[in-house]
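On the provided structure of chain A, position chain B with the ligands as indicated by the hints.
Same order as they appear, the protein sequences are chains A and B.
Each residue of the first sequence is one higher than the one before, counting from 1 in the UniProt record's numbering.
Each residue of the second sequence is one higher than the one before, counting from 1 in the UniProt record's numbering.
Hints were generated in silico from the structure; no laboratory data involved.
There could be a bad hint or two in this list.
Claimed, not checked - Listed next, the in silico DSSO-like pairs over lysine-lysine satisfying Cα-Cα at most 27 Å (straight line):
| no. | chain 1 | residue 1 | chain 2 | residue 2 |
| --- | --- | --- | --- | --- |
| 1 | A | Lys358 | B | Lys269 |
| 2 | B | Lys137 | A | Lys331 |
| 3 | A | Lys59 | A | Lys181 |
Number of protein chains: 2
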Amino acid sequence: MKTILEAINKPQDLKKLSHEQIKLLAEEIRHFLICSVSKTGGHLAPNLGVVELTLAIHKVFNSPIDKIVWDVGHQSYVHKVLTGRRDGFATLRQFGGISGFPKISESVHDFFGTGHSSTSISAALGMALARDIADDKEHILAVIGDGSLTGGQAYEALNHAGHTGTNMIVILNDNEMSIAKNVGAMSEYLSKIRTEPKYTKIKQDIEFLLRRIPAIGESVAKTVERVKDSLRYLLVPGVLFEELGFNYIGPIDGHNFELLSEVLEKAKKMQGPILIHVLTCKGKGYKPAECNPDKFHGVGPYCIESGEVIKNGNTPTYTAIFGETLLHLAKQDKRIVAITAAMPEGTGLKKFAAEFPKRFFDVGIAEQNAVTMAAGMATKGMRPVVALYSTFAQRAYDQILHDICLQKLPVLFALDRAGIVGEDGPTHHGLFDYSYLRHIPNLTIMAPKDENELRHMVFTALNTNGPVAIRYPRGSGLGVPIDQSLQQLTIGVADEVKNGTNVAFLAVGSMVETCIEAREILASEGILASVINARFIKPLDEQMIRKVCKNFVIIITVEENVLAGGFGSSVLEYIHDQNIGGVNVLRLGFPDQFIEQGARKQILAKYGLHAAGIASTAKSYVQKIKV
Amino acid sequence: MKTILEAINKPQDLKKLSHEQIKLLAEEIRHFLICSVSKTGGHLAPNLGVVELTLAIHKVFNSPIDKIVWDVGHQSYVHKVLTGRRDGFATLRQFGGISGFPKISESVHDFFGTGHSSTSISAALGMALARDIADDKEHILAVIGDGSLTGGQAYEALNHAGHTGTNMIVILNDNEMSIAKNVGAMSEYLSKIRTEPKYTKIKQDIEFLLRRIPAIGESVAKTVERVKDSLRYLLVPGVLFEELGFNYIGPIDGHNFELLSEVLEKAKKMQGPILIHVLTCKGKGYKPAECNPDKFHGVGPYCIESGEVIKNGNTPTYTAIFGETLLHLAKQDKRIVAITAAMPEGTGLKKFAAEFPKRFFDVGIAEQNAVTMAAGMATKGMRPVVALYSTFAQRAYDQILHDICLQKLPVLFALDRAGIVGEDGPTHHGLFDYSYLRHIPNLTIMAPKDENELRHMVFTALNTNGPVAIRYPRGSGLGVPIDQSLQQLTIGVADEVKNGTNVAFLAVGSMVETCIEAREILASEGILASVINARFIKPLDEQMIRKVCKNFVIIITVEENVLAGGFGSSVLEYIHDQNIGGVNVLRLGFPDQFIEQGARKQILAKYGLHAAGIASTAKSYVQKIKV
Ligand SMILES: [Mg+2]
Ligand SMILES: [Mg+2]
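Just chain A, same shape as in the assembly:
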C-alpha cells in the first residue's frame, strides 16, 4: 500500500490532506526518520520533536513565498522531507549528499542557511524589513529552540524586532533542552510559564476580582479603571517577550496539530512581531530518544530496536582524554574551573561536572559570556578552562582578543573539533582557528600530534601564566600508549619525530601522524623525509626553523587548517623576517574555499591531505625543485 508520505513532494501536497491524514502522516514521517537516521546518523531527537510543528507550518503557510528560517537548522529534516528531499535522506550528511542543515543552494525552500545557533531571528528580521521596503506581503517565520535563546544574538534581534514593530513570527520551540538540559534564567522563566498555573491564571483572577469590587467612591472606580488598563500589557505569561515588543501566544502543545494550525492561522492575521511559545518533547515518538534526548541529539548509526549506537572501536577520543586529564589536574589544583557553552558531553566535561559541580559552569549557548566570564575568574586567581568547538569559538573572537589576550589573563581555550569534522560540513569544520588566533598578541597556540601529547599540553597550558589555546581533532585518538606522568613541554619548542635528508615536513597537530605515513611512502621511492612535530603554532620554534632551513632545501608545512594566514604562513613570515634565502617552502592545507561535508577521511583525501596525497605532492615538488 502506498503511504501518505510517498505522495508528498512539496508543501502544497499537504493542503488537501485532512487532519486525520496528517496525523497518520506524522507517524509515517517519524518512522521514516527513525529508520533513515539509524543508517546515516544525524540529529534525530530534535527532528522527532518538531514533526507536528513543521507539518502545521507548511500547512498554514506557503513556502517558498512565505519564508521559514530554522535556527541552527539541525531540526530541519521534517522540512526537508516535506519539500521534495525525501529520497535524499539515503545520503544525508554524506559526501555529495544532502546537508544536515538548511542550505540555500539545496532548495528554494531553504531560504537561509544555518548551522551556528541564535541567528534565525536576525535573519528573519532582515527579510521582514526588506519585505517592508519592497512593499511585499509574505510571511516570515523564525523557528528557534529554547537553547538557542540563550545566545545573545537572539536577544539582540528580539530587542530590535520589537522596536521596529514589523510583521514576523518567531516560533519558540521549547523542549527544555539545549543539547543537554537547558540552563539559564530564561529557561527557568519558560518552565515557570509551563508549570505554574498560578502564574498564568493571574490575569483571569484579577479580572474576576475586579468584577466583585463594589463601586464605593471615585478613587476605587478610578483605580479599577487604571488596573484594567494596565492588565493589557502586564499580566500575561510571556510578559518578558511582551515587554520586548512581541505579542506572546502560548504556551501551546507542540504535538497537537489542530491546535498548532489554529494558532498559526490566527498569528498569520495579526500585526507586528509575534512570539508563539510551543512546547515539544525532544525525541517524541521514539522511546530511546525520549529517554536519552541528549544521546540522540546528534547520533551515529544505531539499532532501531535497542537504541544502541553502533560502536566504532574502543580508542578513546581526544575529547575523553582532554576531560580525564583536566579532571585529574583539577583534583590537585583548586584554581582550575571548567566552562562550557551548552556542551558538557561534547567537550568531555561531564565527569568534571559531576565531581566538581561548584567549579563547573554551563553558560548555555553563549560563547561570548563564557570567555569574558573566564576573564573575570582569572582576575580573581582562578585558572579557567573554556572548552568549545573550534567553529563556535569564532563567536568569541573579540572576547578572546580583547578580554583575555589584551589583559594577558591565564585562560585555557580547549578547542575541540578542530580541522575537518566530517558530516556536519562547512558550518562546523574547525578550519580557521590557526588563522583567526595566530595574529592575537600574547596568545600561545598548541596542537598535539596525538592524544598522549594532548595530555601534556593541557598540563603545560595550566602551568603557563598567560592565555593558551590548544586545538585538537574530532573523534578517536591514534590509540597510542598514554604516559602516566604529565610532562611540562617547553613553550615554543618543536620535536623532530623522524629524521631525513631530502625534505623536511613541518607538520602540526593531526598532520604529524599523516606525515609519518607519507614518509614511509616516500622512503619506498627513495625520498628521505624528516618529520617535525611543530607542537606550537605560536610561538614558533624559531631555532628549529633556522636549523631546518640550514639542513634542507625543501620544507613542506602541513596543517589541517586553511592555508591563508595559517601555520605555514607563519613559517614563511619568519623565514623572510630572518632573510633566510635558498629554501623552498611548500604549504599544504586547505584552499581558500568553504569545505563540503563528508567523512573526515574522504575529505582529507579529496584535498590531498591523506598520507598518499601528501607523499605524492611532496614527490612532485621535490622533482620540480630539483629540476
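What follows is chain B with the ligands alone, placed relative to chain A:
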C-alpha cells in the same frame, strides 16, 4: 583656598566627608573634568552623568577589595579622579599618559579593563563565582549603560547570573542614550518604567483594591490569596529583570547622592543578583553637553564658555566621504540600505538616515544582529551596507564568516577607524582586520589610498555580486581632488602610482601616500623606489606581483595592520605558491603586540611607519641585501 577635591587621593578619603561636602565635591569634580577635558579631549558627557553615582559607589563600597567593573569604561573618569589619578588627567589619552578606559596595569582600582561594550556583567559574574568558590565575601559591581544593554553579551550574562543566584550588583546607568539616542525595545521598556506612573503604580493599585473586596464566598477569598501571592513576582517595574532572576530596584534619581547611598547600602545587604536602575542625565552640569550629549560623548578640545570644538582644518574625513558617496548611490539604487550599530554619526550615516529613514537601521550596540540582519536583507535582493568600526566588527567575525561569506551574500562592510585610531588606544585600534578577514573565503577586501579612491571603492563594492569589506582610516582624508564621476575598479587589480628601479613598495590603504613620501626621501639618497597601490588585499593582484618579482630584487610590503597574517603575509604566500625565487620581501606593519594610545602620527612614527621611518628601514634593507 584648598578644594575638597585636592584632599581626595583614594576612595577612603570620601568616608569622612559629610553629604554637604560631597555635594560640593561633586561640583568640584564637574568643574575639574570640564576644564581638563577641554584641553585633552575625551569622553566628557558620559562622565558628567555619573559624578554622584561614582561618589556613592566609592562612599558605600570599599575599593579595591570590593570590585567595580565599568562597562565600556569611557565613564570611568570620576572613578580615576577618586582613585589617585587626578594629576594624570593632564596627560589623559595621550602618548604615555593615563588611559581613557579602565586598565588593570594602571591602578589596583581598575580590576578589569574595558573598551568594547557589554562585557561588564560577564566579567563581574566571573569574579563573583570565583569569589564564591574561594569563600570570599567582597562585593562585585558592574556599572552598565542602557546603550550597552543592547549588546547580546549583556543578556547572556544576565541570563546566566540570574540562574546562578550569586551575589552581585548590576547598576544600570540609564541616560536614554547610547552614543546617540538609544534604540530597541529594551530602551522603550526602560523609558516606560521612567515615565508611565500607571505602570509603576499597578502593584499598589491592586493591593489597594484587594483590601476593598468583600469576603463573599470561598472562591473569592482563594482568588485574593492567589493574586496576593503572585503580586510578589509579577507586578513590579523591572519585571523583565525580575524574570531573569534579578532583584530589581528603581528607578532611582542618579543625581541624588543621599538616595543613591541609601539604595546602595540596602543592596549591599541583599542576597542574590541585584539590578539597580539609576536615571542619569548625560552631560549633567555643563549646558553645552546637556544640550548636545551626542557631540560631547567623545569630544576633542573645546572652548569651555561657548562649547565650540576647536577645529583642525577643513579636509573632509573618510567617514564623511563614505557617507556622502553612499547617500549619492542610494538615490540611484533603491536596493541600498544602511545599517549601523549605535553609530549613525561616527560612521557618517546621519544624512542617509535623514534622507532615507526607511532604509536606515540603527540596531543598537549589536554588531552580531547587524550582520546577520544584513544577510537576511541580502537574500531578499537588497544591497545592505554595514558600517562599523574595524575594532567593533571583531564582534561579528563569526557572522561575517558564517552568515555572509559562506552564503556569498552581497553585503558591503564599511570598516571605519581601521589602523591606528589614536587616543582611544589598544582597545580601539583597528589593527587586525586584514588578518581576521583575509582567510575568509568569498570575501573581497579593499583599502583606498585616499578619500577619492574610497568613493570608487564604495561604488565598485556595490556593483560586486558578493561580500566586500572596505577598510579606511580615522580622521581627515588627504585633501585630494574628488572625481565627480564614480569609477568601477577592476576587482583584484592594483595600480602602480610611482615607478622606480631599485625597490618596489607594495603598499596598501593609508600607507600608499606614506610610501610616496618615503620615496621622495629615498630619491634624495639615490634609491629609486616604485610605489604600487595594492587596492585589494583580497584577491591579490597576482599578475602585478609576478611583474614586480620579475623587475625587482627587493619588495617591501607596507600596511597599517599587524604583520601576522596580514597583507604582506598574503604576498609571501603567493610568491611561494608560485615558486618565485630570487626576490627579497620585507614586510612593514605592526609587530605582534598590542599597541598603546597616542596621537596617530606619534604612534606611526614610533613604529617606523611614517615616511622617514619607512625610508630609513628601506635604505638599510637595500644596503643589507646588496651586500
Ligand atoms: Mg531546546
Ligand atoms: Mg546610556
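Evaluated hints:
1. Distance hint between A:Lys358 and B:Lys269 is fulfilled; the C-alpha atoms sit about 24 Å from each other, no more than 27 Å.
2. Simply put, B:Lys137 and A:Lys331 have alpha-carbon atoms about 24 Å apart, close enough for the 27 Å limit, and the pair holds.
3. A C-alpha spacing of about 31 Å is found between A:Lys59 and A:Lys181, which places the hinted pair above 27 Å, so the restraint is violated.
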